[in-house]
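Visitor: Here is how the chains run, residue by residue.
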Amino acid sequence: MAMDPQSIEKMIKEALPDASVRIDDLRGDGDHYAAYVTSAAFKGLSRIQQHQLVYRALQGRMGNELHALALQTAIAE
Amino acid sequence: MSDNPVFERIQQEIDTTPVVLFMKGTPVFPQCGFSAAVVQLLNHLGVSFKGIDVLSDPGLRQGIKEFASWPTIPQLYVKGEFVGGCDIIREMSETGELIELLQTKGVPVDAAA
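Sequence order for the protein chains is U and P. The opening position of the first sequence corresponds to residue 1 in the working numbering, with each subsequent residue numbered one higher. The opening position of the second sequence corresponds to residue 1 in the working numbering, with each subsequent residue numbered one higher.
Hint data in this document are derived by calculation from the structure and do not stem from the laboratory. Idealized CB from N, CA, C, for every residue including glycine. Some hints could be false.
Keeping only pairs whose Cα atoms sit at most 35 Å apart, straight-line, the calculated DSBU-like set for lysine-lysine is [unchecked claim]: (1) Lys24(P) <-> Lys10(U); (2) Lys24(P) <-> Lys43(U); (3) Lys50(P) <-> Lys24(P); (4) Lys10(U) <-> Lys65(P); (5) Lys50(P) <-> Lys105(P); (6) Lys50(P) <-> Lys79(P); (7) Lys50(P) <-> Lys13(U); (8) Lys65(P) <-> Lys13(U); (9) Lys43(U) <-> Lys10(U); (10) Lys50(P) <-> Lys43(U); (11) Lys43(U) <-> Lys79(P); (12) Lys43(U) <-> Lys105(P); (13) Lys65(P) <-> Lys50(P); (14) Lys24(P) <-> Lys105(P); (15) Lys65(P) <-> Lys79(P); (16) Lys105(P) <-> Lys79(P); (17) Lys43(U) <-> Lys65(P).
With the Cβ distance kept under 8 Å, some of the chain U side facing chain P (calculated, not the full set) [unchecked claim]: (18) Tyr36; (19) Leu45; (20) Arg47; (21) Ile48; (22) His51; (23) Gln52; (24) Met62; (25) Gly63; (26) Ala70.
Here are a few chain P residues that sit away from chain U, every Cβ distance over 12 Å (derived from the structure) [claimed, not checked]: (27) Ile73; (28) Gly85; (29) Met92; (30) Thr104.
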């Protein structure tokens, strides 16, 4: 079961309201996405912790309905 | 930590082997593009590592995700510490942080790579 990019963006923004989120559908198949997330909430966190925040925002969908999400995070200035 | 018996096994693996990759398939025959990408990066750096196939063990496949609070596989561990999945390893390899980390942890790498 795939997820549409709007719901991915919405879930991330609900958890990280200041975040700027860009989602690319890598293969146009609704199943392989890349997400670029910039948020001030990442400040002081390791890369692992930053990704964990995003995974937590997706409430268990990552690795299940959401098969492939290449994630890149950055700290908002 | 919970009392999941799989955790004990994972802990033992990452305590006894300096570089461990939990992956889908084996280093010779990866069964997933993300696992294959990390294997390729490690091989390129000349790092010797132990690949553990989670597909052959459903308990381990689920357990490793809970162990690191990390929802995806592959997962790379260096000297007992979780380093990241495919995206993070790729990013660290591009910035040179991966070589730096391995060298800091005393893992032999092919510095010419």
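Visitor: Are the hints correct? Go through all of them and say.
Guide: Structure-based check of all given hints:
A threshold of 35 Å between alpha carbons decides the hint, and for Lys24(P) with Lys10(U) the separation of about 30 Å falls inside it, so the pair holds. A C-alpha spacing of about 32 Å is found between Lys24(P) and Lys43(U), which places the hinted pair at or below 35 Å, so the restraint holds. For the hint pairing Lys50(P) with Lys24(P), the CA-to-CA distance comes to about 13 Å; that is within 35 Å, so the pair holds. Taking the CA atoms of Lys10(U) and Lys65(P), the gap is about 24 Å. The hint holds against a cut of 35 Å.
Distance restraint check for Lys50(P) and Lys105(P): the Cα-Cα separation of roughly 16 Å lies within the 35 Å cut-off, and the hinted pair is therefore satisfied. A hinted pair counts as satisfied when its Cα atoms are at most 35 Å apart, and Lys50(P) with Lys79(P) qualifies at roughly 12 Å. Our distance criterion of 35 Å between C-alpha atoms is broken by Lys50(P) and Lys13(U), whose separation comes to about 38 Å. Between the alpha carbons of Lys65(P) and Lys13(U) the distance comes to roughly 24 Å, so the proposed pair stays at or under 35 Å and holds.
For the hint linking Lys43(U) to Lys10(U), the alpha-carbon distance of about 21 Å falls within 35 Å, and the restraint holds. The straight-line distance between the Cα atoms of Lys50(P) and Lys43(U) is roughly 33 Å, inside the 35 Å bound, and the hint therefore holds. Taking the CA atoms of Lys43(U) and Lys79(P), the gap is near 26 Å; set against the 35 Å cutoff, the hint holds. This hinted pair checks out: Lys43(U) and Lys105(P) have alpha carbons roughly 25 Å apart, not beyond 35 Å.
For the hint pairing Lys65(P) with Lys50(P), the CA-to-CA distance comes to about 18 Å; that is within 35 Å, so the pair holds. At most 35 Å may separate the alpha-carbon atoms for a hinted pair to count; Lys24(P) and Lys105(P) meet this at roughly 25 Å. Between the alpha carbons of Lys65(P) and Lys79(P) the distance comes to roughly 18 Å, so the proposed pair stays at or under 35 Å and holds. The hinted pair formed by Lys105(P) and Lys79(P) meets the criterion: a straight-line CA distance of about 7 Å does not exceed 35 Å.
For a cut-off of 35 Å, the pair hint linking Lys43(U) to Lys65(P) stands: about 25 Å separates their Cα positions. Violation of the interface hint for Tyr36(U) is found here, the shortest Cβ-Cβ separation to chain P being roughly 11 Å, above the 8 Å cut-off. At a threshold of 8 Å, the smallest CB-CB gap from Leu45(U) to chain P is about 13 Å, leaving the interface hint violated. About 5 Å separates the beta-carbon of Arg47(U) from the nearest beta-carbon of chain P, less than 8 Å, and the hint is met.
Residue-level restraint check for Ile48(U) holds (minimum Cβ-Cβ distance to chain P is 6 Å; threshold 8 Å). A hinted interface residue such as His51(U) counts as satisfied when its beta carbon comes closer than 8 Å to some beta carbon of chain P; here the least separation is about 7 Å, so the hint holds. Because the smallest distance between the Cβ of Gln52(U) and any Cβ of chain P comes to about 6 Å, under 8 Å, the interface hint for this residue holds. Contact between Met62(U) and chain P, as hinted, is supported at the beta carbon level, the nearest pair being about 4 Å apart and thus within 8 Å.
Taking 8 Å as the C-beta contact cut-off toward chain P, the hint placing Gly63(U) at the interface holds, the least distance being around 4 Å. For Ala70(U), the interface hint holds, the least distance from its beta-carbon to any beta-carbon of chain P being 5 Å, beneath 8 Å. Not every Cβ of chain U is farther than 12 Å from the Cβ of Ile73(P); the closest lies at roughly 8 Å, contradicting the non-interface assignment. Some Cβ of chain U comes within 12 Å of the Cβ of Gly85(P); the nearest lies about 8 Å off, and the non-interface call is violated.
A cut-off of 12 Å between C-beta atoms contradicts the statement that Met92(P) is not in contact with chain U; the least separation is 8 Å. Chain U leaves Thr104(P) outside its interface by the beta-carbon criterion, the shortest separation being 15 Å against a cut-off of 12 Å.
Hint compliance for this structure: hints 7, 18, 19, 27, 28, 29 are not met, and every other hint is.
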